[in-house]
Amino acid sequence: MSWSDLGTIAPVVASVLVAAAILIVDLALPNRRQAIIATALGGLGIVAVVILLQAGHTGSAFGGAYSLDNLTVFLDMIFVAIAALTILFGVDYIEPRGLPIAEFAAILVFAVTGAMLIAGSTDLVLLFVALELMVLPGYVLAGFARRDPYSTEGAIKYFLLGSFSSAILLFGLAYVWGITGTTRVDGVTAALAKVAAGGSIQPGLAMGLAFMSAGVAFKMAAVPFHYWTPDAYQGSPTPITAYLSVGPKVGAFAIALRLFVGALGPLRADWLPVVIVLAALTMTLGNLVAISQDNVKRMLAYSSIAHTGYILVGLAAYAGGQHSGLSAILFYGAAYTFMNMGAFAVVAALQRRPGVSSQIATFAGLGRRDPWLGALMAVFLLSLTGIPPLAGFWAKAYVILAAVQAGGWLTALAVLAMVNAAAAAFYYLRVVVYMYMREPADELRPSSPGLLFRVGLGVTCVLTLVFGLFPAIAAAATNAAGVFGG
Amino acid sequence: MSGSLDSYLVLSGLLFAIGTFGFLARRNAISMLMSIELMINAVNLTVVAFGAFVPALNTHAAVIALLVIAVAAAEATIGLALVMAIYRNRKTPLVDEYDSMSQ
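Residue numbers (our numbering), protein chains in the order written: chain G, 49 to 534; chain Y, 31 to 133.
Rather than coming from a laboratory, the hints here were simulated on the basis of the structure. Heads up, some of the hints might be wrong.
Just so you have them, the derived chain Y footprint on chain G, three or more residues with Cβ under 8 Å [as the list claims (entries may be wrong)]:
no.: 1; segment: 178-192
no.: 2; segment: 435-445
What follows is a set of in silico ranges between Cβ atoms, one per label pair, in the way DEER data are often shown [as the list claims (entries may be wrong)]:
no.: 3; chain 1: G; residue 1: Leu-517; chain 2: Y; residue 2: Lys-121; range: 39 to 45 Å
no.: 4; chain 1: G; residue 1: Thr-459; chain 2: Y; residue 2: Leu-97; range: 39 to 45 Å
no.: 5; chain 1: G; residue 1: Gly-90; chain 2: Y; residue 2: Pro-85; range: 49 to 55 Å
no.: 6; chain 1: G; residue 1: Gly-246; chain 2: Y; residue 2: Pro-85; range: 27 to 33 Å
no.: 7; chain 1: Y; residue 1: Leu-41; chain 2: G; residue 2: Lys-242; range: 56 to 62 Å
no.: 8; chain 1: Y; residue 1: Ser-130; chain 2: G; residue 2: Gly-246; range: 52 to 58 Å
no.: 9; chain 1: G; residue 1: Glu-143; chain 2: Y; residue 2: Arg-120; range: 25 to 31 Å
no.: 10; chain 1: G; residue 1: Ala-83; chain 2: Y; residue 2: Ala-103; range: 29 to 35 Å
For each residue, glycine too, the CB sits at the ideal point set by N, CA and C.
All chains, full assembly: derive it from the sequences and hints.
What follows is the structure, given as structure tokens:
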């Protein structure tokens, strides 16, 4: 280890220090919520600056275990944005329930540190440790409202299936390492390139790769590995659901980018059918089940499964030989992050006062009761549907375009993605209909969220619009970030 | 067969399979947690076996095994804390009865 190594991983170090600072401030100044929130948001701002200072640089640290490139910078920025938005949305929801704000912020920043470490990992063991650093705080966050039966129930299901999938991933990792003799992603790439060049693949190596793929599919909630998702998302406190639906998901796709694109790159023709089937199943089943949900949180949980499917279309396009699939994945990940967090944030705003349910009836008449919240929810839902000129439209357009350009079976997958997008309009627009065309059953007071909350909603809404109106700006960033590894 | 790498891999594969079966078949949250621990320990046995029989992997194996032990300990801590939290709310460790959200 040298000082330059520490410089390369500076964002991760800074992020750990922010989490520690939050805990120290809480210890030194008990019950000073402003100090804690200022430390968390200010600290994340500093982390963002540190990341931006690295933009354009490339390098590697710790003997090739961590690599700094455009992809690392791009993903790190998304993760920091996720953390900051979650804190903005969380304060207003956590405090009325008497939950500790400092612990919430610190655990969240630790989780995001893990996600940032994933973004730069080019070593299997580092990837696993970073993954665990991301998901273990996630289990705690899911069960954060520990007296709420739903929260603990969601958390235990998330934990049991999450640890189960980690064990599967680890088993695969042990075999890949044992047979290729290296934990570096480029070492595994070299070993697999020999296989692709005509050598036969050893059964143990094939099994290891299959186990690792299944583990990653669990983490990204791809069907048939999605069972934990609805309960974990529905049970968690709503701002934490907003985090869980984007943070660990983008993190899982970061693993996929580092692992599949890097290590499995030489064999991509072999895993193409698997990704096509996963993508088709994931988006179709997610949408079909979402249609029948009356709870908006649960509906958004299934919709997030469907969105995993659309992102997998981008991965399939890459496997089909279309390199633009990678930048399409990144664009989708960024657009999905902001529109989906926004949608969950509106639900969180309505549930600010304890006791308000996330049933669709709560949304009846929202357009008149809270015109701003209603309009924002409409923007986020239309974006999730994929209506131009919003972020979700371009996200779907890039993914589908990449698939069509790859041709073959991917054309059929692209058609299925479009059919799915049309079917998804039904359940997204149903909420819009409730907000503007239904009379509320009982008179609820306007929810009037606090300043931090409104800032967060404004940021997500502006980003959803900017990604939609000026896709070229974001596409320039994702195109730069999409050039890495294989 | 004893004394070869294969026999240890078969043993750890069996342990992993037993853990997987236990996770899928047991309905008690604590038993499921124990099954996960068994799976992770099976992985550790795999790692250590590779390290013992392949000289080039020897040093790697010790480091990976230690990291896995540390991660497994963290996981068990969080798991037990969550089981205790839900037991206080529900008074049962049986996951079948944690079904208040499914419609």
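Assertion that chain Y covers the segment 178-192 of chain G - criterion: three or more residues, beta-carbon distance below 8 Å: holds (count 5)
Could you tell me whether the CB distance from Gly-90 (chain G) to Pro-85 (chain Y) stays inside 49 to 55 Å? Taking Cβ atoms as reference, Gly-90 (chain G) and Pro-85 (chain Y) lie about 51 Å apart, which means the hint holds.
Assuming the hint says 25 to 31 Å, is it satisfied by the Cβ distance from Glu-143 (chain G) to Arg-120 (chain Y) or not? 26 Å, holds
Under a C-beta cut-off of less than 8 Å, do 3 or more residues of the segment 435-445 of chain G approach chain Y closely enough to confirm the stated coverage? violated (count 0)
Would you say the C-beta atoms of Gly-246 (chain G) and Pro-85 (chain Y) sit inside 27 to 33 Å of each other? Roughly 28 Å apart at Cβ, these two residues keep to the hinted range, so it holds.
Pairwise beta carbon distance, Thr-459 (chain G) to Leu-97 (chain Y), judged against the given window 39 to 45 Å: The hinted range 39 to 45 Å holds for Thr-459 (chain G) and Leu-97 (chain Y), with Cβ atoms some 44 Å apart.
Lying within 56 to 62 Å: is that true of the beta-carbon distance Leu-41 (chain Y) to Lys-242 (chain G)? 29 Å, violated
Take the C-beta atom of Ala-83 (chain G) and the C-beta atom of Ala-103 (chain Y), compute their distance, and say whether it sits inside 29 to 35 Å. 33 Å, holds
Range hint compliance [Cβ, Leu-517 (chain G) to Lys-121 (chain Y), 39 to 45 Å]: Cβ of Leu-517 (chain G) to Cβ of Lys-121 (chain Y): about 54 Å, so the range 39 to 45 Å is violated.
Assuming the hint says 52 to 58 Å, is it satisfied by the Cβ distance from Ser-130 (chain Y) to Gly-246 (chain G) or not? 56 Å, holds
Figure legend: structure checked against the earlier numbered hints; hints not met, in rising order: 2, 3, 7.
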